[in-house]
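Enquirer: Position chain L against the provided structure of chain D, taking the given hints into account.
Here is what each chain is made of, one letter per residue.
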Amino acid sequence: MAYPVLTRLGMKCNCIETEPAVAAASNVRLPMGLLGFEKLKDYLLIASPDEEPFGRLKAEGDASIAFVVLNPFLIVPDYQPDIPQADVEFLGLKDADEAMLLNIVTVHKTGQATMNLKGPIVINRNTGVGKQVVIANGAEYSVQHPLLVSEGAA
Amino acid sequence: MLILSRKISESIVIDGRIHVKIVRVEGDVVKIGIEAPSDVPVHRQEVYEEIQRNNQQALVRPTSPLPKLLGAKQPASAPILKGIKP
Numbered sequence: 001m002a003y004p005v006l007t008r009l010g011m012k013c014n015c016i017e018t019e020p021a022v023a024a025a026s027n028v029r030l031p032m033g034l035l036g037f038e039k040l041k042d043y044l045l046i047a048s049p050d051e052e053p054f055g056r057l058k059a060e061g062d063a064s065i066a067f068v069v070l071n072p073f074l075i076v077p078d079y080q081p082d083i084p085q086a087d088v089e090f091l092g093l094k095d096a097d098e099a100m101l102l103n104i105v106t107v108h109k110t111g112q113a114t115m116n117l118k119g120p121i122v123i124n125r126n127t128g129v130g131k132q133v134v135i136a137n138g139a140e141y142s143v144q145h146p147l148l149v150s151e152g153a154a
Numbered sequence: 155m156l157i158l159s160r161k162i163s164e165s166i167v168i169d170g171r172i173h174v175k176i177v178r179v180e181g182d183v184v185k186i187g188i189e190a191p192s193d194v195p196v197h198r199q200e201v202y203e204e205i206q207r208n209n210q211q212a213l214v215r216p217t218s219p220l221p222k223l224l225g226a227k228q229p230a231s232a233p234i235l236k237g238i239k240p
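So the protein sequences, as listed, match chains D and L.
Sequential numbering from 1 applies to the first sequence in my numbering.
Sequential numbering from 155 applies to the second sequence in my numbering.
Please note: incorrect hints may appear among the correct ones.
Computed cross-link-like contacts, DSS-like style, restricted to lysine-lysine with a CA-CA straight-line distance of at most 30 angstroms [said to hold, decoys possible]:
| hint | chain 1 | residue 1 | chain 2 | residue 2 |
| --- | --- | --- | --- | --- |
| 1 | D | K109 | L | K222 |
| 2 | D | K41 | D | K109 |
| 3 | D | K39 | D | K94 |
| 4 | D | K39 | L | K175 |
| 5 | L | K222 | D | K41 |
| 6 | D | K94 | L | K227 |
| 7 | L | K175 | L | K161 |
| 8 | L | K185 | L | K161 |
| 9 | D | K41 | D | K94 |
| 10 | L | K185 | L | K175 |
| 11 | D | K39 | D | K109 |
| 12 | D | K109 | L | K227 |
Partial chain D-side listing against chain L, Cβ under 7 angstroms, derived [said to hold, decoys possible]:
| hint | residue |
| --- | --- |
| 13 | G36 |
| 14 | F54 |
| 15 | F67 |
| 16 | N116 |
Note that these hints are calculated values from the structure, not bench results.
Quick reminder that beta carbons are idealized off the backbone N, C-alpha and C, glycines included.
Bound-form chain D, shown alone (with noise of 0.2 angstroms):
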């Protein structure tokens, strides 16, 4: 079922509905871009079972915009990030139920993967609404907290 697989990146499934072994997709709206591609704000975040738990978000418009995402308490339980108030505010979260985030990854050329646990993509699980979010306590974590991975592809 595509569904556990979008459920473990932590999106609640306002999803397209599709084939078990078809990615499912989901929009996803970044009114501030990501830091560095503010210009793009709409994306489509994709879980293929052969890729879980990694997801994509794809820019909407702009095919050679896409990134590696994770949910990072898979790989780091414990994570704590303090997200300020503004961005609070800013996205409608009630409580921490409602927030579901998404970490970048980066493969890095040597084979190795990298996660950034300073900036998360912040998303209100119920609009789809995010932002990527620069945490209080950004000096407590790595912009490249190294990931356990296989050699070569999936």
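Expert: For chain L alone, coordinates are given in the frame of chain D:
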């Protein structure tokens, strides 16, 4: 670069809608207050640049296969997010 001198509690206005105020000076640390519309992002420069650089490096080609993630565990309980009440 436009260089202005301000005393504590004096302000600067940018584009008629962004206000920058010198709140406090303690030794060599200047506390700056910024009021800006919610569509104007404001960041400490070095933090912004670090994350921007990381985003740039992270761009992935659509056809690029991904490695298999090892060691992922389903969290036992709901994560705690500081800043949002549980």
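Enquirer: Please name the hints from earlier in the document that this structure breaks, with their numbers sorted from lowest to highest.
Expert: Going through the list in order, the structure violates no hint and respects every one.
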